[in-house]
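There are 2 protein chains.
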Amino acid sequence: MNDRFLRACRRQPTDCTPIWLMRQAGRYMPEYRAVRERYGFLEMVKRPEVAAAITMQPINAFALDAAIIFADILPPLEGMGIDLTFEQGEGPVIHNPLRTPADVAALRQPDPHETAAFTLEAIRLVRRELAGRVPLIGFSGAPFTLASYAIEGGGSRDYRRTKQFMYSQPEAWHLLMQKLTTLVIDYLLAQVEAGAQAVQVFDSWAGALAPFDYTIYVLPYVQQCATRLRETGVPTIYFGTDMNGLLPLLRQIDVDVLGVDWRIYLDDAWAQLGPGFAVQGNLDPTTLFAPWPELEQRATDILNRAGGREGHIFNLGHGIQTETPVENVRRLIEYVHEASQI
Amino acid sequence: MNDRFLRACRRQPTDCTPIWLMRQAGRYMPEYRAVRERYGFLEMVKRPEVAAAITMQPINAFALDAAIIFADILPPLEGMGIDLTFEQGEGPVIHNPLRTPADVAALRQPDPHETAAFTLEAIRLVRRELAGRVPLIGFSGAPFTLASYAIEGGGSRDYRRTKQFMYSQPEAWHLLMQKLTTLVIDYLLAQVEAGAQAVQVFDSWAGALAPFDYTIYVLPYVQQCATRLRETGVPTIYFGTDMNGLLPLLRQIDVDVLGVDWRIYLDDAWAQLGPGFAVQGNLDPTTLFAPWPELEQRATDILNRAGGREGHIFNLGHGIQTETPVENVRRLIEYVHEASQI
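If you're matching them up, the sequences are chains A and B in order.
Residue numbers for the first sequence follow our numbering, beginning at -12 and rising by one.
Residue numbers for the second sequence follow our numbering, beginning at -12 and rising by one.
Read the hints as simulated data drawn from the structure, not as lab findings.
Beta carbons: idealized from backbone N, C-alpha and C, even for Gly.
Among these hints, one or two may not hold up.
[To be verified] Listed below are several chain B residues computed to face chain A (Cβ distance under 10 angstroms; list not exhaustive):
hint, residue
1, Phe73
2, Glu77
3, Ile81
4, Asp145
5, Tyr146
6, Tyr201
7, Asn231
8, Leu233
9, Leu234
10, Trp249
11, Ala277
12, Glu281
The whole structure should be built from the sequences, with the hints applied where relevant.
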């Protein structure tokens, strides 16, 4: 088995730098668009055989070092009583957003074995299909990011409702975060049980917070997830964007790998985290639209900044974008392997 | 004259911490909304007596330590040949966005004395009206932020067109940035000549860039602006959001003050910049929606992190938001003065 990715998560030596790409199974691939024409987005997530096939598309197309299960962070909320749809071109819409402490109290604590059975089944299908070629990553939204979706009801510019909820209803906030933390832990443990060999926790929106607020309202819950997951022995990755000012706080978290966005030099971020972490990142996804020499130069810079140290997983600093040229994706993956060979 | 703000810009001792708020003349004030009902947005900017009156509104309402001229970063582009309107609810729209090197070559190099005469006249009116009560800040968009507006044609999620332009047409990019740098310098020198006692350069969108790209495509031009403005003896403030990963680069820039967003502890940012800078910031603007005890606690934390050092200007970490409760604005300003008294 190609275990470069898992070895790098554990800061063990590898023959070359492993690479995978956030959202690697996505719209930029013609194979994906072909499937997407036949199904709605949530339908693809909820049909295990479709989710499994999509998960495999980039693995079959490129020399990636890890697969990540095709799923979405929001469906696990449905089991709590949250009413979710994906509108054409608008992204997710939550029709009963949380507005009061009573709304929080009414949330159920679901068993992901039942309510997210489709993703667990997809994990089992992919593991069988992969037959050890590369490891499979499971994932979940982080408690804060799930909470802000549930409160805002969709995307947001300034997360005003979420922050007002935190500030004005701290008890209900902490109850909500505890329920979500339990959900995230149960969901990820079930994924590990189903065959996920590493898990990534996406805190896509936590970068909207001041460190003062992150410390009080978010960090203890991320830490709770990390501590529980560490017991499984499966590597955990924590990722968010716009969090470079929070790095001195993030080093308190018991995760194996920190995902770094593209807005900081990889070595600056790593220095702030300290040698106890592996780091994942951090090419600007928009760079994939550049002519190859420009792209190569930036990939080289990241490899140089990693400096051949154990514990670097090459990735983008955020998800790959729609319309990204497939040829650049292929070349980047090959280049990272070649250029980092010992 | 209340010169707390100017003294803090120069890292001189003050009797208490000066405070002003980005976008302090804005929609959250009923006085502003009353004027806005009668004029279009660009009309308010372009009528010097209206712009002057709006500039004075927060000065008359609150104990602020500086005024900032009411203007917008985009109208100076019109003199270059860019066709700009503000659409109801949509913000600025540029109808002839830059797409080719020929578009860049065709841009005129305007004389802001002519093309931005309205803002210069507003500055003169405000200085007369202020009669030395507090200093007046002038401002401009930074070259990169102006360039990305001109290329994208409006707001953007990922600045893909801007980055593609940089990567694919580097010569045209550098020509564009040089033209914009000349514009920014000429515009700010004219503002100083008209009476601006400090200037702020807003690089609102530079936080979209990786440090590798910021270094090549942006930093030399910000540095050019800073170096030229330093000759005037008037303090210069450089501000952007999402730039906390760039702090080790920003310390190379010859500005007096660095504006810090709310996504980092003020003392962490200051430590990365070093003692050669004054810092401005950095309360999360959404905190103004919190109950007073929560707001007070966060303002106190920022003052404690500044630790009474010379060179702290209290401000938000981004512009004040529409619908912000006026009463919290008033209390915050009073509290910062009281709590920071020596």
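The hints, checked one at a time:
1. The beta carbon of Phe73 of chain B comes no nearer than 18 angstroms to any beta carbon in chain A, farther than 10 angstroms, and the hint placing it at the interface is violated.
2. Checking Glu77 of chain B against chain A: minimum C-beta separation of about 14 angstroms lies over 10 angstroms; hint violated.
3. The beta carbon of Ile81 of chain B comes no nearer than 20 angstroms to any beta carbon in chain A, farther than 10 angstroms, and the hint placing it at the interface is violated.
4. The interface hint given for Asp145 of chain B holds, since its Cβ lies 6 angstroms from the closest Cβ of chain A, which is under the 10 angstroms cut-off.
5. The criterion of a C-beta within 10 angstroms of any C-beta in chain A is met by Tyr146 of chain B, whose closest approach is roughly 7 angstroms, and the hint holds.
6. A distance limit of 10 angstroms between C-beta atoms decides the matter here; for Tyr201 of chain B the minimum to chain A is near 9 angstroms, and the interface restraint holds.
7. Hint status for Asn231 of chain B: holds, given a least beta-carbon distance of 4 angstroms to chain A, under 10 angstroms.
8. Residue-level restraint check for Leu233 of chain B holds (minimum Cβ-Cβ distance to chain A is 7 angstroms; threshold 10 angstroms).
9. Because the smallest distance between the Cβ of Leu234 of chain B and any Cβ of chain A comes to about 9 angstroms, under 10 angstroms, the interface hint for this residue holds.
10. For the restraint placing Trp249 of chain B at the interface with chain A, the shortest Cβ-Cβ distance is roughly 5 angstroms, inside the 10 angstroms limit, so the hint holds.
11. Interface restraint check: Ala277 of chain B against chain A, minimum CB-CB distance 4 angstroms, threshold 10 angstroms, status holds.
12. A distance limit of 10 angstroms between C-beta atoms decides the matter here; for Glu281 of chain B the minimum to chain A is near 5 angstroms, and the interface restraint holds.
Violated hints, listed in ascending order, are 1, 2 and 3; each of the other numbered hints is respected by the structure.
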